[in-house]
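Protein sequence lines, in the order shown, are assigned to chains A and B.
With the first letter of the first sequence counted as 1, position 66 gets the number 75 in the numbering used here; the numbers rise by one all the way through.
With the first letter of the second sequence counted as 1, position 148 gets the number 157 in the numbering used here; the numbers rise by one all the way through.
Check the hints yourself; a few may be wrong.
Heads up, the list lumps identical chains together, so a pair's fine if it works in one copy or across two of them.
As the list claims (entries may be wrong) - No farther apart than 25 Å at their CA atoms in a straight line, the calculated lysine to any residue pairs in the SDA-like style are these:
| id | residue 1 | residue 2 |
| --- | --- | --- |
| 1 | K115 | L210 |
| 2 | K52 | P24 |
| 3 | K194 | D124 |
| 4 | K185 | L210 |
| 5 | K194 | R149 |
| 6 | K106 | D121 |
| 7 | K194 | E159 |
| 8 | K106 | D124 |
| 9 | K185 | L128 |
| 10 | K194 | E157 |
| 11 | K171 | G108 |
| 12 | K106 | L128 |
| 13 | K115 | T183 |
| 14 | K106 | R78 |
| 15 | K194 | E138 |
| 16 | K171 | A81 |
| 17 | K194 | R158 |
Simulated from the structure, these hints should not be mistaken for laboratory data.
No experiment lies behind these values; they were computed from the predicted model shown.
Protein chains: 2
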Amino acid sequence: MVEQPPTVIVIDDDPGVRDSLGRLLRSAGFRVSLLGSVSEFLKADRPEGPACLVLDVRLPGQSGLELQRELAGAKRQLPIIFITGHGDIPMSVQAMKGGAIEFLTKPFREQDLLDAIQLGHARDRARLEQERAMAELKVRFETLTPREREVMAFVVSGRLNKQIAADLGVSEITVKVHRGQVMRKMRASSLPDLARMADQLQLTPTKPRNPGRVA
Amino acid sequence: MVEQPPTVIVIDDDPGVRDSLGRLLRSAGFRVSLLGSVSEFLKADRPEGPACLVLDVRLPGQSGLELQRELAGAKRQLPIIFITGHGDIPMSVQAMKGGAIEFLTKPFREQDLLDAIQLGHARDRARLEQERAMAELKVRFETLTPREREVMAFVVSGRLNKQIAADLGVSEITVKVHRGQVMRKMRASSLPDLARMADQLQLTPTKPRNPGRVA
DNA sequence: TGAGTTCCTATACATTTGTATAATCGAAGC
DNA sequence: GCTTCGATTATACAAATGTATAGGAACTCA
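Assemble the whole structure, with the sequences as input and the hints as a guide.
Laid out in structure tokens, this is it:
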């Protein structure tokens with residue numbers, strides 16, 4: 010788990026802007042990737058560590074807002090900071106609704122950009138960590154056989170072994186075996202632990218919660 | 010649990026704007042509250058059911074953005090839709106960062122406002138439901154004695170009765186009694202159920218999770 | 001056909017958990 | 001001083017859970 014240096018990906022069709030942003034960001038200690046268009050970005054590899062995008066709203070070909078929409082559906086969604094010289098309010102509102110970190114109008118204070126980038130990197134780090142943990146959970150979950158997954162769902166919903174046995178039409182002993190396998194394979198240290206894993210995995214096909222009635 | 014009619018609270022210092030918005034919103038079936046300033050709003054009662062705010066960014070006395078900041082710290086935070094005739098991009102960005110639903114510039118399409126209000130009400134309904142459930146949980150949790158809360162924390166962290174007994178320096182029987190009381194008082198239907206309640210309550214003073222190592 | 005996997009079951013124990021009843025002790029409140 | 005409440009413990013069961021060993025049936029795949 011090596012600490013990856015944070016990256017900033019700049020997309021701007023103006024070489025002058027790219028250069029000056031590149032100097033600023035490199036001097037701030039970031040790894041910088043300078044690109045001239047969205048298509049270049051889509052072809053490029055994604056950096057390993059935390060990263061964020063700095064892009065102009067208006068770009069030749071695909072615009073910044075279009076890219077944002079596209080990335081929203083993709084798996085690897087990067088924090089986005091918009092920069093523009095000719096923006097308007099509806100544009101900025103759409104960008105922010107889309108989850109943008111910041112929307113800066115030229116000219117802007119360098120510190121505002123750096124602050125936004127710092128926030129973007131923090132979010133991306135959190136997202137990376139979250140995804141790492143989730144991927145790990147999924148790997149474990151995929152080692153479960155279909156039956157074990159069924160049993161796990163029942164177990165984390167709070168049902169007893171004998172109830173699960175009745176639900177599945179098998180003996181209680183069988184349920185115990187599956188249950189033990191589930192705990193081992195998922196590396197759950199306890200039942201609450203397993204329940205939390207299931208919640209993370211959104212494993213809730215069978216979940217009869219109590220309705221929370223008041224006396 | 011009667012379904013409350015959704016309310017729209019309009020704050021605008023222009024009586025003409027208030028009237029026209031009032032007509033529009035009432036004809037759309039909303040309960041409407043028309044106010045001329047933030048101070049009026051702060052004095053007024055909060056509506057019972059789902060509600061959202063429609064306010065001008067610029068207002069005499071306290072501005073719309075200031076109100077947003079203030080409400081962010083308060084317990085009852087209402088979804089906000091900003092309307093303005095003289096806004097700029099930084100203003101809209103700040104509003105959206107602050108969690109505003111929408112930021113409309115005059116003149117705007119009535120449908121855009123109605124759409125935003127619908128979204129605001131949906132969010133407020135979700136928030137109300139969430140708060141109701143949380144309040145209910147807290148009520149139950151407050152019926153627990155200090156010792157019972159301690160035991161609950163250990164239980165949901167996955168520790169066994171005998172371990173908890175050792176941790177607390179008491180006998181296992183005692184732990185069982187407390188544990189049974191916790192389940193009863195919290196109306197937990199199962200251990201996973203109790204664990205989820207504890208997570209909701211952010212009850213995590215004692216939680217030794219497994220470190221999730223990879224092989 | 002044979003190996004491997006999954007699912008199922010059983011026996012046999014060891015542990016753990018839940019519950020009911022009953023009792024002691026100390027602190028807080030009336 | 002008496003009562004109430006919280007915390008504690010014990011006895012005595014009842015029920016649930018975990019584990020180990022062992023085996024059978026069905027299915028897939030090479």
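Verification of the hints:
For a Cα distance limit of 25 Å, the shortest separation of K115 from L210 qualifies neither inside one copy, at 43 Å, nor across copies, at 45 Å. Proximity of K52 to P24 under the C-alpha cut-off of 25 Å is restricted to the intra-copy arrangement: shortest distance 19 Å within a copy versus 55 Å between copies. Taking the shortest alpha-carbon separations for K194 and D124, neither the intra-copy value of 43 Å nor the inter-copy value of 47 Å comes in at or below 25 Å. Within a single copy, K185 and L210 get their C-alpha atoms as close as 22 Å, which meets the 25 Å cut-off; across copies the closest is 31 Å, which misses it.
Taking the shortest Cα distances, K194 and R149 sit within 25 Å of each other inside one copy (6 Å), while across copies they are farther apart (35 Å). For a Cα distance limit of 25 Å, the shortest separation of K106 from D121 qualifies both inside one copy, at 20 Å, and across copies, at 14 Å. In this assembly of identical chains, the alpha carbons of K194 and E159 lie at most 25 Å apart only when taken from the same copy (14 Å versus 30 Å across copies). In this homomeric assembly, K106 and D124 come within 25 Å of each other (Cα to Cα) both inside a single copy, at 20 Å, and across copies, at 14 Å.
When the C-alpha separation of K185 and L128 is checked against a cutoff of 25 Å, the pair qualifies neither within a copy, at 47 Å, nor between copies, at 47 Å. For a Cα distance limit of 25 Å, the shortest separation of K194 from E157 inside one copy, 10 Å, qualifies, whereas the shortest one across copies, 32 Å, does not. Taking the closest pair of Cα atoms, K171 and G108 never come within 25 Å of each other, the shortest separation being 47 Å inside a single copy and 48 Å across copies. For the homomeric pair K106 and L128, the shortest alpha-carbon distances inside one copy (17 Å) and between copies (13 Å) are both at most 25 Å.
For a Cα distance limit of 25 Å, the shortest separation of K115 from T183 qualifies neither inside one copy, at 67 Å, nor across copies, at 67 Å. In this homomeric assembly, K106 and R78 come within 25 Å of each other (Cα to Cα) both inside a single copy, at 11 Å, and across copies, at 18 Å. For the homomeric pair K194 and E138, the shortest alpha-carbon distance inside one copy (22 Å) is at most 25 Å, but the shortest distance between copies (36 Å) is not. When the C-alpha separation of K171 and A81 is checked against a cutoff of 25 Å, the pair qualifies neither within a copy, at 45 Å, nor between copies, at 49 Å.
In this assembly of identical chains, K194 and R158 lie within 25 Å of each other by CA distance solely inside one copy; the values are 11 Å within and 31 Å between copies.
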